[in-house]
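S.K.: Listed here are the chains, written in short residue letters.
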Amino acid sequence: MKNRGATILAIIGAALLILPLVVHDTFVLRVLTEGVMWIGLAIAFDVIAGYTGYLNFGHGAFFGIGAYTIGILMMQAHLPFWAALPAGGVAAGIVALIAGIPTLRLKGAYFAIATWALSRAIQQLALNMEMTGGPDGMRLEAFLNPQFFYYLMLITVGATFAILWYLLERAPFGLKLKAIREDEEGAKALGLNPTKLKMQSFILSALPTGILGGIYAYWITFIDPSSTLGDLVSDQAVVMVVFGGMGTLFGPALGAILIFAFKTIFWAYLSDFQLLYLIILGALIAISVIFIPNGLWGTLVKRKAGATRPEQKAEPASEPAALSAVAAPEEGN
Amino acid sequence: MAEPILKVNSVTKCFGGLTAVDDVSFSVEKGEIVGLIGPNGAGKTTLFNVISGYYAPTKGNVIFQGNDISGKPPYDLAGVGIGRTFQVVKPFAGLTVLENVTIASFLKHPKKADAERHAWQVLETTGLADRANVSAAGLTLAGRKRLEISKALALEPSFLLLDEVVAGLNPTEADRTVELIMKLKAQGLTILIVEHIMRVIMNISDRLVVLNFGKKIAEGTPSEVSSDPHVVQAYFGEEAA
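Residue numbers (UniProt numbering), protein chains in the order written: chain C, 1 to 333; chain R, 1 to 241.
Note that these hints are calculated values from the structure, not bench results. Take these hints with a grain of salt, some might be off.
What the hints assert, rightly or not - Below, a list of computed lysine-lysine pairs in the DSS-like style, where the Cα atoms sit at most 27 Å apart: (1) R:111 / C:196; (2) R:30 / R:59; (3) C:107 / R:72; (4) C:196 / R:72; (5) R:108 / C:196; (6) R:112 / C:196; (7) R:215 / R:7.
Said to hold, decoys possible - Label pairs and their calculated CB-CB ranges: (8) R:183 / C:309: 17 to 23 Å; (9) R:183 / C:97: 42 to 48 Å; (10) C:283 / R:88: 33 to 39 Å; (11) C:106 / R:40: 30 to 36 Å; (12) C:230 / R:23: 57 to 63 Å; (13) R:12 / C:286: 46 to 52 Å.
Said to hold, decoys possible - Which chain C residues stay away from chain R? Per the calculated CB distances, all over 12 Å, these: (14) 5; (15) 121; (16) 279.
Virtual Cβ for every residue (Gly too), placed ideally from N, Cα, C.
Just chain C, same shape as in the assembly (with noise of 0.2 Å):
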C-alpha cells in the first residue's frame, strides 16, 4: 500500500520533469506551471485550515505580499530575482505573524472573517500606495522562458509537498497541530502550547505562499491588487483544499488540479466565464461541506488501519468478571 503510493508519486513526479520535453505548446505549459502552482497554494493552506483548523479566508494576502515584495525589490531596489525570491516568503512569514498575534485568538467564522478583513485591507494599501504603483499595478522585468518557470515552480512546489509532508504526517508537529483542532482546552492540559503552535502553522502556511507569489510575479511579469491580491486566491483555496479534503495535504492537490482543470476548460470553451465560475466555486463549497464533509480524497481513500500492537507482554488481562462479583451493588449515579 505504501510501496505503491511511493510508485505513484515516483511516476508521477517522473512525468512532471519530462512533460516540457514532448510538448512544446507554450499554453499547454503555461496552464500546467499555473496548476503546479495552485497545488502549492492549496498544500499551504491546508497546515492551517486543515491540520489546525482555523479557515483562513486571507491567504491570497500572502501570495499578494510575496508578489508585491519580488515586484518592489527588483524593480525599485533592483536585486537580482534570485536574491528578491526568499525575501517574498519571508515577508509573507513576517506578516502572518503579526496578523497571527490578534486573530489566532479568534475561533471558527471570527477568525474567517478576521483574516477576510485583514486582507481586504492590505489589497487597499497595495491599490494607494506609490510603492504598489496603485491601481495601475506594477510591471517586472521581462524574463520570458516558460520552461525556466515551469521547473521552477515544480521543484518549489514539490520541496514544499515533501517539507510539508515530513513535518505534518511524519513528524510530531503534524498531530500535535490536529490536537489543537481538535481541542485547544484538552491539548493544553498535555503539555502542548496552543499560541506557539498556531503561530508556527500559520506562519509555515505563509511562507511557501509569499514564495510562489514571487515566483508568479516575475513569472507574469506584471502585478495588480486585484489579480495577486484579489478575493480569488483565497476563494480558490478554500474550495480546493475543502472539496479535495482537509488536513490530508494529498487531497488539497488532487483538489487543486481538479478545480484548476475544471476552470482551464471552462475559461477555453465560456468567454463570459468569471461570474458563472464564481457562482459554480460557491456551489461547489456549499456541495463539499454538506455531502463530502470530508472532501473528495477522505471519501475516496480510507485510512490506513493504524499502527500495529508490538509485541505484549507476559503479564496477562485482568480479570474484570471476577473482580465485579466481590463489587457491592451500584448505587444509581
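Add chain R to chain C, keeping to what the hints say.
M.R.: Here is chain R on its own, set in the frame of chain C:
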C-alpha cells in the same frame, strides 16, 4: 513528615461576584490518594482548574514540589509533572486512540517512534490497546474516560488529578478503573481525585477534603469525615445532622 508534594494555601477563586472557591487550604503528601468531595457546585472542579493551571487563583497560592505554580499555564504544569483528566471528557475525536495518547507521550518522548511505543505501553496498562486504532469518537463513555486517564498517564506525571473518572460507568467498568487507580498508587503516583460515587471514594482515598459552597468544611480519613456533623449536614440536610 516530608514536605508535601502539593500545598494549596488559602486559595480563593471568584468569577465576578461569585466566589466559587473560598479560602481553601490543604496539602497532599507524596504517594497519597486524597479525595475531594462535596455536593454539586461545591467548587471541586474549579479548584482542580486552579491547581492544573486553567485558572489563576484570585487569592492564595498553590505550591507544587516546593515551587509556587499559581497562575502558570497548564502546558507548563504538564512539564513539571502534573497530569489531569477532565470531567467533561476531551478526546481528540477525529484522531485514533493511539494518536490521542501519542500526543501526550511527546512530552517525555520527543521522537515520534518513541512516543508511539510509549503510548502502546500506556494503552496496555489502561486496557485500551485493543481499541488503539479506533477513532476516539467511536469509544463508549467508559472508553473515553479510560482515554482521559491514558492521556494523563502518558505524560508520566508524578501527580495526577482525576476528575470524575468513575461516575457514569457500570459496576464492572467502575471496578476496573478503581483497580487501575490502586495500581497507579502502588507505582508511587500521588493522586487527587474528585468523585461522586461514595463507595469508590471512601474505599480508595487515604484522606478526604470536603467542600461545600466553595469552603472546606472537613478534612480527615474517610471514617472521620463520614461521621463529621458538617459533612452529614451538607449531604443530607439540617435534620439529619
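S.K.: Confirm or reject the statement that residue 121 of chain C sits farther than 12 Å, beta carbon to beta carbon, from all of chain R.
M.R.: Residue 121 of chain C is indeed farther than 12 Å from all Cβ atoms of chain R, at 31 Å.
S.K.: Holds or violated: are the alpha carbons of residue 111 of chain R and residue 196 of chain C at most 27 Å from each other?
M.R.: Judged against 27 Å, a Cα distance of about 19 Å means the pair holds.
S.K.: Does the Cβ-Cβ separation between residue 230 of chain C and residue 23 of chain R fall within 57 to 63 Å?
M.R.: About 59 Å separates the Cβ atoms of residue 230 of chain C and residue 23 of chain R, which means 57 to 63 Å holds.
S.K.: In terms of Cβ atoms, is chain R entirely out of 12 Å range of residue 5 of chain C?
M.R.: holds (19 Å)
S.K.: Could you check that no beta carbon of chain R comes within 12 Å of the beta carbon of residue 279 of chain C?
M.R.: holds (31 Å)
S.K.: Given the hint that residue 107 of chain C pairs with residue 72 of chain R, does the C-alpha gap stay at or below 27 Å?
M.R.: Holds: residue 107 of chain C and residue 72 of chain R sit about 23 Å apart, inside 27 Å.
S.K.: For the pair supplied as a hint, residue 215 of chain R and residue 7 of chain R, confirm whether the alpha-carbon distance does not exceed 27 Å.
M.R.: Status holds; Cα separation ~16 Å.
S.K.: If you check the beta carbons of residue 183 of chain R and residue 309 of chain C, does the distance land in 17 to 23 Å?
M.R.: holds (21 Å)
S.K.: Okay, residue 12 of chain R versus residue 286 of chain C on CB: inside 46 to 52 Å?
M.R.: Given about 51 Å between the Cβ atoms, the range holds.
S.K.: Does the hinted range 42 to 48 Å hold for residue 183 of chain R and residue 97 of chain C at CB?
M.R.: Given a distance of about 46 Å, which is inside 42 to 48 Å, the answer is holds.
S.K.: For residue 196 of chain C and residue 72 of chain R, compute the direct alpha-carbon distance and say whether it is at most 27 Å.
M.R.: Cα-Cα ~16 Å, so holds.
S.K.: 33 to 39 Å was suggested as the range; check whether the CB atoms of residue 283 of chain C and residue 88 of chain R agree with it.
M.R.: holds (38 Å)
Comparing the model with each earlier hint shows no violations; every hint is respected.
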